[in-house]
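Colleague: Spelled out from the first residue to the last, the chains are:
Number of protein chains: 2
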Amino acid sequence: MSSAQRPHRVLILGGGFAGVMTAQALERRLGKRRDVEIWLVSRDNFMLFTPLLPEVCSGVLEPRHVVMPLRGMLHHQSTWCITADVEAIDTQGHVVTVMGGDGDPHRLQYDTLVLALGGITHTFGIPGLEEHAVGMKTLADAFGLRNRVIEMLERAELEDDPRIRQADLTFVVGGAGLSGVETAGELEDFVRRVRRHYYPKIGEGDIHTYLVELKNEVLAELPPEMGAFARQRLERRGFEVRLGTPIREVREAEVVIGEGEVIPTRTVVWTGGVRPAPMVARSGVEVDHAGRVKTRPTMETSRSTAFAIGDCAVIPNVEDPDGRPFAPTAQNAVREAKRLAANIVARIDGRPLSPYRYRTIGTLASIGHHTGVGVVFGIRVRGWIAWFMWRGYYWSRVPGINRKVRVGLDWVLTALFGTDPVQLKVEDASSALGSTGRRRAPVRDRDTSD
Amino acid sequence: MSSAQRPHRVLILGGGFAGVMTAQALERRLGKRRDVEIWLVSRDNFMLFTPLLPEVCSGVLEPRHVVMPLRGMLHHQSTWCITADVEAIDTQGHVVTVMGGDGDPHRLQYDTLVLALGGITHTFGIPGLEEHAVGMKTLADAFGLRNRVIEMLERAELEDDPRIRQADLTFVVGGAGLSGVETAGELEDFVRRVRRHYYPKIGEGDIHTYLVELKNEVLAELPPEMGAFARQRLERRGFEVRLGTPIREVREAEVVIGEGEVIPTRTVVWTGGVRPAPMVARSGVEVDHAGRVKTRPTMETSRSTAFAIGDCAVIPNVEDPDGRPFAPTAQNAVREAKRLAANIVARIDGRPLSPYRYRTIGTLASIGHHTGVGVVFGIRVRGWIAWFMWRGYYWSRVPGINRKVRVGLDWVLTALFGTDPVQLKVEDASSALGSTGRRRAPVRDRDTSD
Chain A
1 MSSAQRPHRV LILGGGFAGV MTAQALERRL GKRRDVEIWL VSRDNFMLFT PLLPEVCSGV
61 LEPRHVVMPL RGMLHHQSTW CITADVEAID TQGHVVTVMG GDGDPHRLQY DTLVLALGGI
121 THTFGIPGLE EHAVGMKTLA DAFGLRNRVI EMLERAELED DPRIRQADLT FVVGGAGLSG
181 VETAGELEDF VRRVRRHYYP KIGEGDIHTY LVELKNEVLA ELPPEMGAFA RQRLERRGFE
241 VRLGTPIREV REAEVVIGEG EVIPTRTVVW TGGVRPAPMV ARSGVEVDHA GRVKTRPTME
301 TSRSTAFAIG DCAVIPNVED PDGRPFAPTA QNAVREAKRL AANIVARIDG RPLSPYRYRT
361 IGTLASIGHH TGVGVVFGIR VRGWIAWFMW RGYYWSRVPG INRKVRVGLD WVLTALFGTD
421 PVQLKVEDAS SALGSTGRRR APVRDRDTSD
Chain B
1 MSSAQRPHRV LILGGGFAGV MTAQALERRL GKRRDVEIWL VSRDNFMLFT PLLPEVCSGV
61 LEPRHVVMPL RGMLHHQSTW CITADVEAID TQGHVVTVMG GDGDPHRLQY DTLVLALGGI
121 THTFGIPGLE EHAVGMKTLA DAFGLRNRVI EMLERAELED DPRIRQADLT FVVGGAGLSG
181 VETAGELEDF VRRVRRHYYP KIGEGDIHTY LVELKNEVLA ELPPEMGAFA RQRLERRGFE
241 VRLGTPIREV REAEVVIGEG EVIPTRTVVW TGGVRPAPMV ARSGVEVDHA GRVKTRPTME
301 TSRSTAFAIG DCAVIPNVED PDGRPFAPTA QNAVREAKRL AANIVARIDG RPLSPYRYRT
361 IGTLASIGHH TGVGVVFGIR VRGWIAWFMW RGYYWSRVPG INRKVRVGLD WVLTALFGTD
421 PVQLKVEDAS SALGSTGRRR APVRDRDTSD
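These protein sequence lines are chains A and B, in that order. Under my numbering, the letters of the first sequence match residues 1 to 450, in that order. Under my numbering, the letters of the second sequence match residues 1 to 450, in that order.
If you are wondering where the hints come from, they were derived from the structure by calculation, not from laboratory data. Bear in mind the structure is a predicted one, so any value in this text is a computation, not a measurement. Ideal placement from N, C-alpha and C gives every residue a C-beta, glycine not left out. Some hints here could point you the wrong way.
[Claimed, not checked] Derived coverage of chain B by chain A (criterion: at least 3 residues anywhere in the stretch with Cβ under 8 angstroms from a Cβ of chain A; other residues may be distant):
| # | region |
| --- | --- |
| 1 | 289-301 |
| 2 | 402-410 |
[As the list claims (entries may be wrong)] Between beta-carbon pairs, the in silico distance windows are:
| # | chain 1 | residue 1 | chain 2 | residue 2 | range |
| --- | --- | --- | --- | --- | --- |
| 3 | A | Trp395 | B | Val318 | 58 to 68 angstroms |
| 4 | B | Arg397 | A | Arg196 | 54 to 64 angstroms |
| 5 | B | Gly238 | A | Glu204 | 55 to 65 angstroms |
| 6 | A | Gln77 | B | Glu235 | 30 to 40 angstroms |
| 7 | B | Asp160 | A | Trp395 | 39 to 49 angstroms |
| 8 | B | Trp411 | A | Trp384 | 47 to 57 angstroms |
| 9 | A | Ser396 | B | Gly258 | 50 to 60 angstroms |
| 10 | A | Ser396 | B | Gly400 | 56 to 66 angstroms |
| 11 | B | Val318 | A | Gly400 | 30 to 40 angstroms |
| 12 | B | Pro355 | A | Glu204 | 25 to 35 angstroms |
| 13 | B | Trp411 | A | Gly284 | 50 to 60 angstroms |
| 14 | B | Asp288 | A | Ala88 | 36 to 46 angstroms |
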């Protein structure tokens, strides 16, 4: 489709690790070439460094320090960053419809498409989960959970009714995988610390925390001993860990789990599922049962002009003896991006493509209280050494010296001064003066189901 | 109303400088006394350090660093912080109705009331101002303006229509008092810096900035030469300064000023007026024509059990030869609070009250580009020395070593690394998983008035 007049346009959909790293790798590969241009469509004008999100929730890190402006990461004159939502993808007509800040739909044509739309939280149709639980995928999620927890402490401080008070002070995390355990560890740390320093009228013993998981193990991503270690540590810190236990229903002030056990709570965090962005399945490329794009080892899709990468793709691992595809991790996304950029340039230049190959360095999880668990180069680590490796690894991955310094200083200052219960409510940021400035309850009170 | 059984309850309405400093001064005066308790009602669970708000807008400072958690500033066991909106004040019945996070109204009885509700933005009924302009009074205002400016740069980068593009890249500040000039200076600094580093496809000359003021001078709070200096500096940096010019009407993509001049713009910042919170006038105490509480020099109102302080009060200056009341500044609010706390304790103990007396140290304004103007101890200062004094003074006023270190480091790091165009959109922070996650346009597009 490209002509001598017009550069070949690579349109990348998605501003997460996969999409942004692909754009960066393409810029490096293209160098001073002017026959290819990159268009990157992202919902936000920044890339979120997701592994550190739980620490934004607890206030250890400033939100702006874990996001990197896209225009600071991509520098070519022929690269365009478009802050917009993807509305529709037509891989047959080579056109993508996006909705930008002006509220009008725009049609973007492309020569090569990269699907890097990642995943969204999957609720599996559990009743009430969408309405009452919070996720842990976006900055808004982290802010939402933080503000809700603080709201609960403030309400509990003034509440006389012991039943309402118990629901206010009970916190339930659904899902005990990497994301769930890291969120649970950080959340518990935060709640107990701010209670001690700022809400001394609430008793330490009044706070209850639960970790609920459908599978029979904690941290299924790691060897069973590591999961057992994490479980033991969380239990020692007061967590009620319920394994093999489904969440049946979430209501406004309680959650039903397992065989009908009712836990009074107004705070349910759901980390139990991720599914690909739904418009991927409607884009005209072949997808699997879960809606993820089926690719070849080269990341080509069933359409020759479209590639897929990251959490919205299933990329076969040619070296895996059991034929399992690559795991949907940030580590893989970053490596896939380099291979994909090379393959896109090879395709444009008419050279053969190469499959993605990679053996994981390892997996590390922070479970709070300066404790971690993980496997690195096949060696199992746990305790503070694993936590230290976890911090060191992610710190080394934070892009740019500016962010590295800021994240490092945040850690030092929080160690020195502790955290605080500031409840930043900027949700009416888009309103003009006409805003009534009225308080909105962070937790919905539309109906009382209990 | 107090009895031997129950402590005397001082209810303070308002979590700004005036209210929080009164509570702090009361805690200090009361020491270990247990016969008086303090209830502080605040819309947010923190105090906003308003003088640094424009630097939050430009991203020089992190939002959390210019707010202090109330529970970190007030420590007595008998002090209660209530995060709620004030709905109604009944000074005859000694009861205040507040709306808390649970969405239910609560009635709070008091023995002594302190009205410290401050001011809200006054639009003087200018058509379209409420709907299309943004203020600069709250954190949400600062976020809203920041995100709108970034949105405009992003739209302009992709816009072909030169008329729309011009409106995107024109920024108008209404009001050239202290707040307006500081906002204008910081805004211009920010726009030009991020354009240079992150939006190089937009030309420097495409950005237009206006400062519109009804009075015939800039910085009416300072001597005329200082205002003239500020004006000259702003004009040198590209500002069109229009004095003696009213804003007639604000529309979605233009503003009408003076005798009908139309400026195409989508960004109007309004700093031209402040009025007291409206429920003050309905509280049953005597107010002036503007709705501010008329007090004696002791800050007593027309009701013996109610005091008023800060921007919602007119406190006569017994030493002023022209009989002018004290100016509504943070400096005065902080000093008034100490006097008021002493007077409240004196009233409880049956001792006579004393009038508030204070001679201002001076006034300083930052106009951006490391330039300031002001008067300190009667001496006029301008240029970088005034800017340095401005920073030093406000830094010394930031409460607590934690915040002082963080604000200081923010300044150092921004000097080293510059600012960035991250557009934090956490406005749906209160939504649960059910949120559609759809992009909301920061600027309303409901109707096109041009």
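Colleague: Hint by hint, say whether it matches the structure.
Modeller: Against the structure, the hints come out as follows:
For the region 289-301 of chain B, the proposed coverage by chain A is not satisfied: 0 residues have a C-beta within less than 8 angstroms of a C-beta in that chain, short of the threshold of three. Proximity of the region 402-410 of chain B to chain A, defined as three or more residues with a beta carbon under 8 angstroms from a beta carbon of that chain, is established by the 4 residues found. Between A:Trp395 and B:Val318 the CB atoms are about 59 angstroms apart, so this pair conforms to the stated range of 58 to 68 angstroms. Between B:Arg397 and A:Arg196 the Cβ separation comes to about 28 angstroms, which falls outside the hinted range of 54 to 64 angstroms.
Range check, B:Gly238 to A:Glu204: Cβ separation about 58 angstroms, and the 55 to 65 angstroms hint holds. Separated by about 33 angstroms at the C-beta atoms, A:Gln77 and B:Glu235 satisfy the suggested range of 30 to 40 angstroms. A C-beta distance of roughly 43 angstroms is found between B:Asp160 and A:Trp395, which places it inside the suggested range of 39 to 49 angstroms. Here the CB-CB span from B:Trp411 to A:Trp384 is close to 34 angstroms, at odds with the stated 47 to 57 angstroms.
In this structure the supplied range 50 to 60 angstroms holds for A:Ser396 paired with B:Gly258, their Cβ-Cβ distance being about 57 angstroms. At about 32 angstroms, the CB distance of A:Ser396 to B:Gly400 disagrees with the hint of 56 to 66 angstroms. At roughly 58 angstroms, the beta carbons of B:Val318 and A:Gly400 sit outside the given window of 30 to 40 angstroms. Roughly 47 angstroms separates the CB atoms of B:Pro355 and A:Glu204, a value that falls outside the hinted 25 to 35 angstroms.
For the pair B:Trp411 and A:Gly284, the beta carbons lie near 52 angstroms from each other, so the given range of 50 to 60 angstroms is met. One distance hint, 36 to 46 angstroms for the beta-carbon pair B:Asp288 and A:Ala88, is violated here, with the actual separation near 59 angstroms.
The structure fails hints 1, 4, 8, 10, 11, 12, 14 (numbered hints given earlier, in ascending order).
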